[in-house]
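Student: The lines below spell out each chain.
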Amino acid sequence: MAKYIGKRLVYMLLSLWMIVTATFFFMRIAPGNPFASEKKLPPEIEANLNAHFGLDKPWYEQYWEYLVRIVNWDFGPSFKYKSQTVNDLINEGFPVSFLLGMEAIFIAVAVGVLLGIIAALKHNRWPDYTAMIVAVLGISVPSFIMASFLQYFLAIKMGIFPVARWESFMHSVLPAVALASAPMAFIARLTRSSMLEVLANDYIKTAKSKGLSRGVITVKHTIRNALLPVVTYMGPLTAGILTGSFVIERIFGIPGLGAHFVTSINNRDYTVIMGVTVFYSILLLVSILLVDIAYGIIDPRIKLAGGKKGE
Amino acid sequence: MQISKDKFKLVGTQLSEAEKISKPSLSFWKDVFTRFRKNKLALFGLVLLTLLIFMAIFGPYMTPYDYASNDLSNKNQPPSSEHWFGTDDLGRDVFARTWEGARISIFIGVAAAVIDLIIGVLWGGIAGYKGGRTDEGMMRLADILYGVPYLLLVILLMVVLGQGLSTMIIAMSITGWINMSRIVRGQVLSLKNQEYVLAAKTLGANTSRIMGKHLIPNSMGPILVTMTLTIPSAIFTEAFLSFIGLGLTPPIASWGTMANDGLPAMRYYPWRLFFPATFICLTIFAFNVVGDGLRDALDPRMRK
Chain A
1 MAKYIGKRLV YMLLSLWMIV TATFFFMRIA PGNPFASEKK LPPEIEANLN AHFGLDKPWY
61 EQYWEYLVRI VNWDFGPSFK YKSQTVNDLI NEGFPVSFLL GMEAIFIAVA VGVLLGIIAA
121 LKHNRWPDYT AMIVAVLGIS VPSFIMASFL QYFLAIKMGI FPVARWESFM HSVLPAVALA
181 SAPMAFIARL TRSSMLEVLA NDYIKTAKSK GLSRGVITVK HTIRNALLPV VTYMGPLTAG
241 ILTGSFVIER IFGIPGLGAH FVTSINNRDY TVIMGVTVFY SILLLVSILL VDIAYGIIDP
301 RIKLAGGKKG E
Chain B
312 MQISKDKFKL VGTQLSEAEK ISKPSLSFWK DVFTRFRKNK LALFGLVLLT LLIFMAIFGP
372 YMTPYDYASN DLSNKNQPPS SEHWFGTDDL GRDVFARTWE GARISIFIGV AAAVIDLIIG
432 VLWGGIAGYK GGRTDEGMMR LADILYGVPY LLLVILLMVV LGQGLSTMII AMSITGWINM
492 SRIVRGQVLS LKNQEYVLAA KTLGANTSRI MGKHLIPNSM GPILVTMTLT IPSAIFTEAF
552 LSFIGLGLTP PIASWGTMAN DGLPAMRYYP WRLFFPATFI CLTIFAFNVV GDGLRDALDP
612 RMRK
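Those protein sequence lines, which keep their order, are chains A and B. According to our numbering, the first sequence is numbered sequentially starting from 1. According to our numbering, the second sequence is numbered sequentially starting from 312.
The following block holds chain A by itself, in its conformation from the complex (with noise of 0.2 Å):
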């Protein structure tokens, strides 16, 4: 186990450093000057800027600090607002698109897995269909028309819901189900195939045999046994969420973080941008990281030490 999270973490981090390198040197063959938008500068000001951000340092001695910068959890600032950092961005989107994110995956995985539970118990017959076929509109359906579509009729045409912002749980409503709505549909599928497996097991026919009743038997040999891929799938669902964000916040006009992000895309902020990237690829690879060693725990049939190819 100690052996295997040690790779996995040694990959990590030569992903991340992949990223971070990245992100220096996009930033620096980036069109244009970070303070190319305002009024032409006088020499001397454009050399204190520089100075005053580094950048009439040599590119090694650059990227060496910017790579310190980052272990030691500082973005650098924002070259569009002054007075702002990205470590301030990200402390005060953040949590807003947290909670917004962690509202999306609980109704993925709770309606997901319940459409998946169905589906399997009522195999080949109607509710098997009909959930596989919301299911397959679920992932053709992109998050932000999904978003938009949900905004129209439910906000605007039939006023259940609050058309925007930010400021109570209803508001919080239809964005986290625009986001969760493709998750769901995956987690439905993968929840129907993998019980599906599970119940063609011999287990479950001992289980039968005993005189078990089925509810018992879907409850305590099933769900628990299918449930396991799903866990698997927690990695990419943050990466769906994460990525879901930007547009969705944008629809609803929520201040989180992903909101700002596609704020400083189109400012062209590239620090803003850089930091926010490197933000976000360090949470992602810790929570898919995390998830993988979970998931090792939870099921004992796993060997990690062979690698994840299985080989």
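Simulated from the structure, these hints should not be mistaken for laboratory data. In this text the structure is predicted, and so the values were computed from the model without any measurement. Some clues are possibly wrong.
[Stated by the list, open to error] Below, a sample of chain A positions facing chain B; criterion: calculated Cβ distance under 7 Å:
{"#": "1", "residue": "L14"}
{"#": "2", "residue": "S140"}
{"#": "3", "residue": "V141"}
{"#": "4", "residue": "F144"}
{"#": "5", "residue": "I145"}
{"#": "6", "residue": "S148"}
{"#": "7", "residue": "Y152"}
{"#": "8", "residue": "I156"}
{"#": "9", "residue": "H221"}
{"#": "10", "residue": "A239"}
{"#": "11", "residue": "V247"}
{"#": "12", "residue": "V262"}
{"#": "13", "residue": "I273"}
{"#": "14", "residue": "Y280"}
{"#": "15", "residue": "L284"}
[Stated by the list, open to error] According to the in silico footprint, chain B covers these stretches of chain A (three or more CB under 8 Å from chain B):
{"#": "16", "stretch": "21 to 27"}
{"#": "17", "stretch": "129 to 138"}
[Unchecked claim] Label-pair restraints from in silico Cβ distances:
{"#": "18", "chain 1": "A", "residue 1": "R69", "chain 2": "B", "residue 2": "S501", "range": "45 to 55 Å"}
{"#": "19", "chain 1": "A", "residue 1": "F98", "chain 2": "B", "residue 2": "E393", "range": "45 to 55 Å"}
{"#": "20", "chain 1": "A", "residue 1": "F106", "chain 2": "B", "residue 2": "A510", "range": "55 to 65 Å"}
{"#": "21", "chain 1": "B", "residue 1": "T478", "chain 2": "A", "residue 2": "D88", "range": "28 to 38 Å"}
{"#": "22", "chain 1": "B", "residue 1": "A510", "chain 2": "A", "residue 2": "R69", "range": "53 to 63 Å"}
All residues carry an ideal CB built from backbone N, CA and C; glycine is no exception.
Chain B: place on chain A using the hints.
Tutor: Below, chain B alone, put in the same frame as chain A:
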């Protein structure tokens, strides 16, 4: 009790009859097609896809309006017999723009899938066939790249490379090929020790012949499925990027840019969002369903 032997009679069982094949033999792909045809949802997807491609080719010619020309006296018109899908804020015909968008979206999807295919097959094929150190090194590199969050990297690349059709395809392909390479590698690993490969080697076939004639054709099934499922994800990525303002530049009409333009006007001119959004969903849906159907048809054991 004794049963006399003459109560039994030999009914004409001839060994040659028992071995006779009564149905015409099916080739692998015919078999796949038969199974695919039984899947109604997949068949529906295929019909839908054919329709969408047909409209992408001929749709722009069905209306006298051009996708890029403005007509400010006719802006924000609702759908009518004149403008079938209405017009947008510059008076451009939404019907013409929708099918122009279909061309762009499907082109991006197919281009991304083809590039993934080429790089993925080469990378995965070489890694799987060579094995040993080469495999180790090549797949480790792929593993590290795979750890980099896909959409974030694409966003970064789009910021750096600038917006446009070709940069978008490049940005998608930089990490997109990894999935394909893993699948090809897995296939090649499991196929390369088969007897027919040994036979080919014994007959003096070189590596490229074994790869091109034996290993890759026999991995065609999973490769095809991966390709079919890459296309919708590329279409999704295009729409997503356009939607956050990193997409194609005007006057090009893509579904993502149209949806992005239509969003602020949703309350009053919903058709500007409704049409592109619906067709994004339909296209992704059709490709997904066909891909799933293909996967089930190719490998009945995988049926889920």
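Student: Does each hint fit the structure? Answer for all of them.
Tutor: Evaluated hints:
no.	hint	in the structure
1	L14	holds (5 Å)
2	S140	holds (4 Å)
3	V141	holds (5 Å)
4	F144	holds (5 Å)
5	I145	holds (4 Å)
6	S148	holds (6 Å)
7	Y152	holds (6 Å)
8	I156	holds (6 Å)
9	H221	violated (20 Å)
10	A239	holds (6 Å)
11	V247	holds (6 Å)
12	V262	holds (5 Å)
13	I273	holds (6 Å)
14	Y280	holds (6 Å)
15	L284	holds (5 Å)
16	21 to 27	holds (count 3)
17	129 to 138	holds (count 3)
18	A:R69 - B:S501: 45 to 55 Å	holds (47 Å)
19	A:F98 - B:E393: 45 to 55 Å	holds (49 Å)
20	A:F106 - B:A510: 55 to 65 Å	holds (57 Å)
21	B:T478 - A:D88: 28 to 38 Å	holds (31 Å)
22	B:A510 - A:R69: 53 to 63 Å	holds (60 Å)
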